[in-house]
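*Asks:* Listed below are the residues making up each chain.
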Amino acid sequence: MKQLTINGSEYNLDIPDDMPLLWVLRDVLGMTGTKYGCGIAQCGACTVHLDGVAVRSCQTTVDAVDGQKITTIEGIGDTAVGAKVQAAWLEKEVVQCGYCQSGQIMSAAALLSENSRPSDTDIDDAMAGNICRCGTYVRIREAIHSISL
Amino acid sequence: MIENLQSRRAFLKGTALATAGLVLAVQLPGSLRRAAAAASDGSPIFVPNAFVKVDLEGITLIMPHTEVGQGIYTSSAMLMAEELEVELDQVRVEAAPPDRSKYMDPILHDQATGGSSSTRSDWMRLRQAGAAARVMLIGAAAERWGVKPEECRVEKGVINHDATNRALRYVEVAADAAGRPVPEDVPLKDPAHFRLIGTKAKRIDTPSKVNGSQIYGIDVRLPGMKFATLVMAPVKGGKIASFDEEAARTVRGVRDVVTAGDEAIAVIADHMWAAKQGIDALKLEWDGGANASVSTETIVLAMQEASLKQGVVIRDQNGAEEAITRAKTKLDAIYHSPFLSHSALEPLNCTIHIENDRAEIWVGTQVPVRAQKAVAEATGLAPENVTVNNQLMGGAFGRRLDIDSIEIAARLLKDIRYPVKLVWTREQDMTHDFYRPYYYDRVAAGLDASGRLIGRTHRVTGSSVFARWAPGAFINGVDPDAVDCAAETPYDEDAVLADYVRQEPDGVTTSWWRGVGATHNVFVIESFVDEMAHATGQDPLEFRQRMLRKNPRALAVLNLAAEKAGWHESLPKGRGRGISLQFAFESYLAHILEIEMLPSKQVKLLRSVIAVDCGITINPDTVRAQMEGGVIFGLGSAMFNEITITNGAVDQTNFDTYRILRINEAPKIEVYQINNGEKPGGVGEAATAGAAAALANAIFSATGRRVRSLPLAQAGA
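Protein chains in written order, with the numbering used here: chain R, 100 to 248; chain F, 442 to 1158.
Simulated from the structure, these hints should not be mistaken for lab results. This structure is a prediction, so every number in the text was calculated from the model and none was measured. Virtual Cβ for every residue (Gly too), placed ideally from N, Cα, C. Please note that a few of the clues may not be correct.
[Stated by the list, open to error] Which chain R residues face chain F? A few, computed with CB under 8 Å, are given here: (1) 137; (2) 151; (3) 172; (4) 179; (5) 217; (6) 237.
Isolated chain F, as found in the complex (with noise of 0.2 Å):
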């Protein structure tokens, strides 16, 4: 059961609780009234530590993470409830406010969710967290049954002293357990006891996703809101030349126009038509400014010439340049990625309600702090008198890691005092995303009479998002996300080289879009991989084995997908298979993938295979799913997506332009899960990563061409 936090404190502060509390002292045993006496003024029972809070509503799991699809909720209340001894349908998740002090992700030092690391970050604190709270709860009964704690068992939230036949339930000692110390270290469960994690679990928010009643950002309505719709500058830092106002009030159901500087405007009225009719009638003329000239090309070309100087070196060993030289076959390529959109489903949008001294939203966000500032510097209001009301997220993909529309919403409905809905269209959701960065790799590679790879280069050129949205992880010039899989690899190298060439594209901002680094550099490199062992004429699955002597976790991937494909047998005229081996996010995947090409050029995705290893699996479901997920993911933007510029200005502008993968397109995925005792690895973004290459592997096994640009489009398949 998900509940929405902010909510759910107005309704307890209102006199529902009182008599919520008076009826259950009449019905409930003595424990419990104490329990209701103390939770009279509204604040919960025992919340012992950031994440876990008992009151009378049950337990609750205040969720660190926020759910985009991808399934955290069930996962993160698995890793609670397995230690506090509950069962999952006991346990409701609240969104957490905004607080970096208590929520901030440890990998990504911000309260946010991204970079599959969700589960790697809560993996040990949300089970130390229910620990704790199961030992402060236990000790709480123990004292008042005058028993020694270790001679009590906890089952489905309810304290058992078994020689005397004596039972209490969490709620009945959590006032008491609320005043006994906080324990530290307490010991974690052995893996082998395990009752929760590692099954597979029903997901805790779907029910209400298929009957329509989950509430998204797009959802959300308050008493007097009324609705709007934006326009923003069609070329970057373009400004409004001219509208016409008063066209756009004589629409019925118009209640006001409303601008953000020059550069954003928007219509307000009873419902979303009317204001779309609203925008329709402003006319609006633009002035393109600086960046009115710049297209995909001249882009591209400075990144060429860009391309052309030495980098901030990122690796250096042994020679790889002196290396090459030396080799018996010699190969270099350039590879193109293109600028990508995120198109999650539910456009963007953002509820505000500003008041003199306050100010509430309601959105989806990844980065619920960020958000309240972006409102805070936009009305000028205090960040402690701006709630934000996190809500579940109709796909993100890394576009909600930004807070671009949150800041733009404020901007615009600053002086209005009624709540607005403001909604993009897919139009302006598309032609203004911060995309995924265009990137222009050079790689070079040297190998010896046997065939062996002796020496390989590799420069990046490209944008880097961290210097925007983390400068403090920009150091010396080194964007890690922008190299991540191109200095390290699975395989065992003798000479590397890898360097990394900043270079920011015209008009384009760019951003965090799903597998990040590794989305881009696994096409790279596991393409040019598949180059070295044909020029050397070699099966690519042998020759990724022979380097894999000292990775026996990939090789174990890489061996169970070929099994699992059938990599050895033959397969008919026009058809081809392509391997793609990563370990990025701390999980190590393998895709081998089956295509065949059409009497009509065209590709037909048939047969995914996908081996991982993401360390200990917490709901072995929820990986295959996002396993499935995140090859459509890949493959369909490898096959079809590309964002181009003309004149300043986006091209393609709704799904009719951008084409997302659809069923009859879809290949069949299998999943097969290596299960061991590692550390969980992230797994969202995974199978994104490899599908590209999976793919542009596959076009040659079939054809024969290699594929060095994306989308396959413009490559000519």
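One chain only, chain R, in its complex shape (with noise of 0.2 Å):
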């Protein structure tokens, strides 16, 4: 069995050791907000908290979690950068087709809990690794940018 802390609740799963924590979110725990991208951690459409840390859930296999918060997409609103960076998507008008965007807020929220004022140098390194097909990056960079901590 193995123990996993999931946005403040507990979850005890018979699950392989290895299995990618975005299987065990999505598949298992029925947490779609954190999608399937690529599976080789290049899309960052994955991306969730591991204290606060961004990562990528295809490529953290659930033995590696030990111990550690996880935070998704669904948790995230309820820290207050969480939800500030949510309501900066919405102001800015950030959002097309949706898809990676929980990857990109997950992304964006670790970066401002760090660095409440980012320069662009700052965005690109926190936020390179997190890619929107529909070519969302001018109003991601904007949003963060509007962002007051």
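Starting from two chains that each stand alone, build the complex the way the hints lay out.
*Replies:* Shown next as structure tokens:
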């Protein structure tokens, strides 16, 4: 049995040690806000937080989580930073198809938690791992800059 | 608010509605009790046409087009709400069921979403639908009050009779309105009185997309559902040689192994991870078949040969070949546009539940009627026994205009009686795409001593998507898409010869890709126009302006972009600006891109300036978003993307080998809109179409090197 703490709740799950967190979230727990895009940590759609740090859940096996607190897009709105990121995303009308935006918001929330006034270069560094096929990058940048913490 | 039609229907058929009706009946005035009674059998109260429904839950737009991220749910709801006199937040949107007779796109001649046609198609019919409903609802209220309809006014879905200070909500008169004749030719609003059209209304589909609650096709969950993934023949037409089913079945969590003929195999399991491990355990071996020796080189060679033949003539005006012989300056060139993958970020997927006499699917599709037919044919069921629950899509870009994935899902799962969600891995999605065709273009031009274009020829060689996708539109060997924007340009031209040679690539299926024919031809035409200007020592802006004296709308967007981009301001060494101008999807667009050549010889995209005239704008912020996204989509592909074939199989398998433009590589983008009273043009694909030429022309401006083959990586840039 694996014990995972996700968005403040504890789960005891009978799952293989080498199972990526992505599929635990999506298929075992039905938390489908975390998306599958590539499976090789190239697109960032599956980004979640481990103790506040953005990681790719497709490359994070459950045995590597090791007691760390997992936060997903379903829970990020309960944090002050996450709620502001979500609000800014709507205010700036960032979203098109929306499929990548869970991951974008998780990466942005992690960035802003560490750095409340990121420069363009900081944004490039933190967000370049998240592909948006609809091309919403201009507005992602605008939305991050608009957030005051 | 967006609801899934089928799940709501299922809900309504249950006991919930009767209960709700009862509760409402004791709490609400008599007129609403009547409405509730009328709806007690679960049917809507008032459905005056295919698009509008009023019931106890409110006002619903039955949406003929699908939402792939382009914002059409919001724009189309604005059209209906404008005439119905309701606010946008009073409108729910439901995906239309498959029904071509009601929901056919009049431009595409199918129930389909593509070709940047949605606003053009909905512009009249959704306003008319809203207006007709409004007239019937007012008529019902007026009759109840014994007053003239023209004495009533509507605001936010409430009918008012100011003289007697009476008011009724739409839902309260809906049952009466249902009995009234449907009016024809209701006059539409004067645009001067628009409340919603032209405003930056907030999108209705996005709140659920920032908190993880939006369900896309890939997120569907059903009771008892299992998860599956598949592998298809790496070479088109190839067959399974051998596999170890028992090994797959020993993987923990694996439930079933199924095949579709000998061309595809899927493993069904408790979750995707087990299904993927099951696939690995199969140790699949394949026979490549007839296409195993195909490569990009063999395909391009065949095109090159085909391009030497006379094609089907599309436009032959004033003897272009003869005019070129008289020219002072003669140019000719060959342009290459590669195969491209759609790579929507949501991989292909399809959830199916087949029972003995019926099937139900949950999928994001741009073509619900085709989806229904595909499942019917694969399962042997009648189409009316196949329910299609259309889902919002995590991008499509043309990929979901084809139903190959739905068909293979139904064939794989036709004997399974529990619900299964079949999800493509990124690798299977990318290597089994239906690709943007490879095109091979021969162009020539002649200019006189004054530098005026006096003759131009253009031979397009490549696949015909129409011939496969809509054979009825492939008439006399002409694919209207393959030559779109090649035969006709925005410019005033004396002599033009354009012809088309159909050459289908071995081992590759081609399809629609964002910007379709325009994306390929605007690259060729606008690059070549730039070549003409430089060959005759003319400024590329002024050369274009001279040819636009009869095309004021094209000239206006060009001038606006040039002014905003500061075209005549000098640039530091190593920088360049490139222009692209087009008329496509009934919109005019000029794009001026500024780039810098880095010392590493890499291109840095600095600034895109877009001027667009798409006629009347429904939601200017959505237009801007489509320009921004379209530019990124087009520039990224022009910079990095090509699908290549080796030994019959696709070489690119994931985003490590098919590079998508990222935030640190994206330019600043400025969008300027010309607002006028012209009818709406399409915007979803327009900015993609103009991107590659602007980039190629900017590189020439910076380096003096002409890019005639995409992507730039292949051109050595």
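*Asks:* Next step is simple, just say for each hint if it's right about the structure.
*Replies:* Evaluation of the provided hints:
A least Cβ separation of about 5 Å between residue 137 (chain R) and chain F falls short of the 8 Å threshold, and the interface hint therefore holds. Interface hint at residue 151 (chain R): violated, since its Cβ lies 18 Å from the closest Cβ of chain F, which is beyond the 8 Å cut-off. Proximity of residue 172 (chain R) to chain F holds as hinted, the smallest CB-CB distance being about 4 Å (cut-off 8 Å). A distance limit of 8 Å between C-beta atoms decides the matter here; for residue 179 (chain R) the minimum to chain F is near 15 Å, and the interface restraint is violated.
Below 8 Å, beta-carbon pairs count as interface contacts, and residue 217 (chain R) has none with chain F, the closest being about 12 Å; its hint is therefore violated. Taking 8 Å as the C-beta cut-off, the interface hint given for residue 237 (chain R) holds, the closest approach to chain F being about 5 Å.
Checked against the numbered hints given earlier, the structure breaks hints 2, 4, 5 and satisfies all the rest.
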